[in-house]
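All chains should be built: construct the whole structure from the sequences, respecting the hints.
Each chain, written out:
Protein chains: 2
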Amino acid sequence: MTKPDQNHLDNLKSIAGAGGWSDDPDVLAPHLVEWRDLYQGKTPLLLLPDSSEKVAALVKYCHDNRLPLVPQGGNTGLVGGGLPDDSGNEILISLKRLNKVRLRDPLNQTITVEAGVILADLQAMAEEMDLYFPLSLASEGTCQVGGNISSNAGGVGVLKYGNMRDLVLGLEVVLPDGQLWDGLTGLRKDNTGYDLKQLFIGSEGTLGIVTAATLKLYPRPLNTQTALLAIPSPQAAIELLTLARKMSGDLVTAFEIIPRIGLDFLVRHMDATDPMETAYDWHILMECSSSLDRLHLDLENLFQQIMETAMEQELVLDGVIASSEQQRDNLWALRENLSEVQKFEGGSIKHDISVPVSKIPEFLEKATAAVEQAIPGIRPVPFGHIGDGNIHFNLTQPEGADKAAYLDRWEEVNKIVHDIVHGLDGSISAEHGIGRLKVEELTRYKSPLALDLMRKLKKTLDPANILNPGRIVQND
Amino acid sequence: MTKPDQNHLDNLKSIAGAGGWSDDPDVLAPHLVEWRDLYQGKTPLLLLPDSSEKVAALVKYCHDNRLPLVPQGGNTGLVGGGLPDDSGNEILISLKRLNKVRLRDPLNQTITVEAGVILADLQAMAEEMDLYFPLSLASEGTCQVGGNISSNAGGVGVLKYGNMRDLVLGLEVVLPDGQLWDGLTGLRKDNTGYDLKQLFIGSEGTLGIVTAATLKLYPRPLNTQTALLAIPSPQAAIELLTLARKMSGDLVTAFEIIPRIGLDFLVRHMDATDPMETAYDWHILMECSSSLDRLHLDLENLFQQIMETAMEQELVLDGVIASSEQQRDNLWALRENLSEVQKFEGGSIKHDISVPVSKIPEFLEKATAAVEQAIPGIRPVPFGHIGDGNIHFNLTQPEGADKAAYLDRWEEVNKIVHDIVHGLDGSISAEHGIGRLKVEELTRYKSPLALDLMRKLKKTLDPANILNPGRIVQND
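Chains as they are written, first to last, in the UniProt record's numbering: chain S, 1 to 476; chain W, 1 to 476.
What the hints contain is simulated information worked out from the structure, not anything from laboratory work.
This list has only true hints and no planted wrong ones.
It does not matter which identical chain is used: a pair holds within one copy or between any two.
Below 30 Å or equal to it, Euclidean Cα-Cα: the simulated DSBU-like pairs (lysine-lysine) are:
{"no.": "1", "residue 1": "K60", "residue 2": "K446"}
{"no.": "2", "residue 1": "K3", "residue 2": "K459"}
{"no.": "3", "residue 1": "K459", "residue 2": "K60"}
{"no.": "4", "residue 1": "K96", "residue 2": "K60"}
{"no.": "5", "residue 1": "K415", "residue 2": "K403"}
{"no.": "6", "residue 1": "K216", "residue 2": "K246"}
{"no.": "7", "residue 1": "K456", "residue 2": "K446"}
{"no.": "8", "residue 1": "K366", "residue 2": "K216"}
{"no.": "9", "residue 1": "K446", "residue 2": "K100"}
{"no.": "10", "residue 1": "K96", "residue 2": "K216"}
{"no.": "11", "residue 1": "K459", "residue 2": "K13"}
{"no.": "12", "residue 1": "K100", "residue 2": "K246"}
Treat the numbers as computed from the prediction; the structure is a model and nothing was measured.
See below:
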C-alpha cells in the first residue's frame, strides 16, 4: 500500500473537480468520528463525488496507484467500518452527494435511487408513490441507502420484510479496480448465472462501492396495533410469538423484548412513565400491521383476542394497548431509548448477538449466569429484536463500580458471551457487521474454511487490497 | 480433465460403498435423459451417496484425480444442467439417497433437511408441524430440495414468498475440492462477513454441491380465493395487479396470465371446459390467500369487492370465482396444462423470460409483432407468472407447417425474442437457469464485466474445473 503524496492528492482533486472534495478540517471533522466515540480517524482528503462515473474514476486512480480508500455513507455504523484508520493514509470517499432518484416505477413496485439517499427520505418517496419501503432503524434520519446495503441493515421490520438484502433487486457497483458494474435491474426473477449483487450486500464496502440500487416497495400499512405486554419469561415470549404469528395470519411486524431494569432506568433518568401497574421482569413490545383497511379487517379486535388467548395460556400477565398514535409513540420511545439510557448508570459492555429464536431462553439463562459469575453485581439489560432471535445483550456495570476498570474488561466479557452464543449456533454480530471492531473475534468463531473462502473472495475482487482494507478480513 | 479409467471407477465404487453406486444401464437410464428430450447423457458411473461425508469423499477423489463430476437432484431441470454430457467421461452423482430430516424447529419456524428430500415431502412435513413451506412448482412431486436451491427455483408462490433464495437460511455444501462447509444456520440475522451461502444458491452445482439446508417456514394459509378473470389487455393485467395488491393488503399469492389460444388448445385437446361464456383475448388466474381464519377476515367478500372494483375500472371484463376446492383445482389445471397442451399443435419454441412488471405490455406487443413478422402464421401462447414479470413466451408453429423445419428456427426465434427482452432490461432465463442450453446466449446478453466476474468466481472456487464443468460459464 502506498501513502498518498501531494501529487496523488492533487490528481484526485482534479478528477473529483470543483465541489467534489475537501481537506478543510471543519468539513472533515464529522466524517472522522463515530458517534459512540469508539473510533477516530484521520484522512488527507475527503472525496465527494456526485456521479457514479466520478466514483469509478476516483477508485480507478486509487487502484492504479495502490492508495487505500474507505467508502462512507451516513457514518452511523457501530463497528468502525466506514471510518479511515488513524494512519492518515486512507482516503475517504463519501457518497452523500450521490443522492438522486433514478427511477420511480409504481407498476413494478420499485424505486431506483443512488447510494447517498437518506433512508427517511426514501421512506417518504415511497409514501408519495402510495407505497411503502419497510426498512426502519433508529438512525433512519441520517443513514444512507448505500450504507444500509453495504451493512445489510436490520432494524425493527425484519420479522415481516427481512433484512436489507431481501429488499434489493438490483445494484450498480464500482469495483475495486474502478470498473462500473451495472447490475441495476427491477426483475423479481432472473436466473442468468451467479447472483453477483449478493457479493456486495453486507460486505461493508470491502468488495465494491455501491452507487445505486433498485429496491422493492410494498403496499402501505393502513392499520397498526401496538401493545406492551408483561410476560412471565423469555420462554413465554417465543411461545407468544408463535401464537401471535399464527392467530394474526402473520401480521406481526415487530416483537421486541424489554427487561424490567430497562424500564426502571427509563423512569429514573428519562422521565418515562412506567405503563405497567405491577413490576414484572419481562415485557414484549408487539406490533401487528396490515395494509388491509378497517372495513375488511378489524385488527383492533383481532389484536385483543390474541392478547386474551395469550393471557388464558399464561403467556401474557398484563398488557397495555396503545389507543392513540401518541400512546404508540410513547411505547416505542421506551424501546428506542433503551440503548441511550444505560449511559446514566455508568459503563455498558455491549453485544449484538443472535441465536435461533428457539434458543433465546437458553442463551439468556446461560449468558446471564456467566457474566454474573465473572462480575458479581453486573446488571444485564438484554433487549431488542427477539422475534428475529437478535438480542442486544448490553451489560451495565455494578452499582458504584469504577467505570474505566469495568470497561477494561470489555473483551473478557465479550468472550464469555460470544463463546455461549457460538455454542448455541449463534452469531456474534447479528446486524452491526464486523468492520474493524470484530475482525479479530471473527477469526475465533468462523470456521477456518469460511474465513478462507472470504479471503479468497476478497483477493479475487480486490487483489490490490485498496478498498476498505483490513475490514471484515485481513488479507495476507 | 482426465477420462476416468477402470482404476478410478473402482476406487470411486469403493469409497461409495455397497449400495452407493450403480453402473447398471437400467438404473442409469432415467438419470440420463431430460424429460423434454432435449438432452441425452452418458456416464461410466452413477454415485449414490447417503451422507454428506460420502459426498465430500467422492468429490475429493474426483478433484484430486481431475475427474469431471455432475451433481443431479430430481432431474426435472429444463436446461441440461443436471445431466452428464455425451462424452461418457462425466461421472454422475445423485443426491436422492441423502434425504433425511436433520431438525424440525417449530419455535424457530425452520426445518433442516438434506438435499435429496422431495419438495412435496417437504411441504407435507411443514404441514405436520402446522406450518407451511411455500415453494410450489409443477414438478414438486419429483424435484428435490438440493436442486431447488441450486437452480433458485421459482414457481407459483414467488409473488408473496419470493424465490427459493429467499427461503434459505443456511446451507451445508461440499466444495469442489471435497471440503465440507457447514453453513447450516437457523439465524434470521447474521452479519458476520460475506454471506457465503448466496454463492451456492442458483449456481447450478458449478461452485459446490448442496447437501443440506435450513429453510424458513410460515403460518399455514387457511383461506384461499381463486378466480379466472377475463381482462381487456396485458396493460389492464398489471393495473389489476396493483389494485389487487393494494385492496387485499398484499394477499395476492398467484397472478398468472392465460391467453385465449391457450384455453382453445385445452378445450380442443384435453377435454377442458372453457369457464368463460364469451371468448376474450386475455385472462388472469388470480389467487389471494391468508393465514387468518374466516372469523377475522371475510376473504370471500374482500375478493368479490376487488373484482367489482376492477370491473368498475374496466380492468376486468368477466370472471369466474371458484366456489369449491374442485372448481379451484379445475381452474389451476387450465394453467398447469398450458405447457403440455402445446405439443398437440405441433412444434413449440419456448422462452422463459422476465422484464420489469411495468414493461410486460410493451414486451408482449413488440415480441409478438417481431415473431409474426419472422414467421407468418406463428401462434404465440404467452402464459405464466405475469405478477413476477415472468412470461413463458412459447410459440406454437403455424397451422400445417412442417414441425422439424419450424423447430430448426429455434435459435433464430430465440434471438429475436431475447434481443427484445434485453432491450427492455429483462432476463433470458427468469427461472429455468442457464445449464448447458443457454451458455452461448449468456455471452451475448451479459456484460463482459459480469461474465468476467462469474468466471473469476468459478476459478476461485473450482480452479480444477471439475464440478459441472461448462455449465453457466465456460472457463478457459
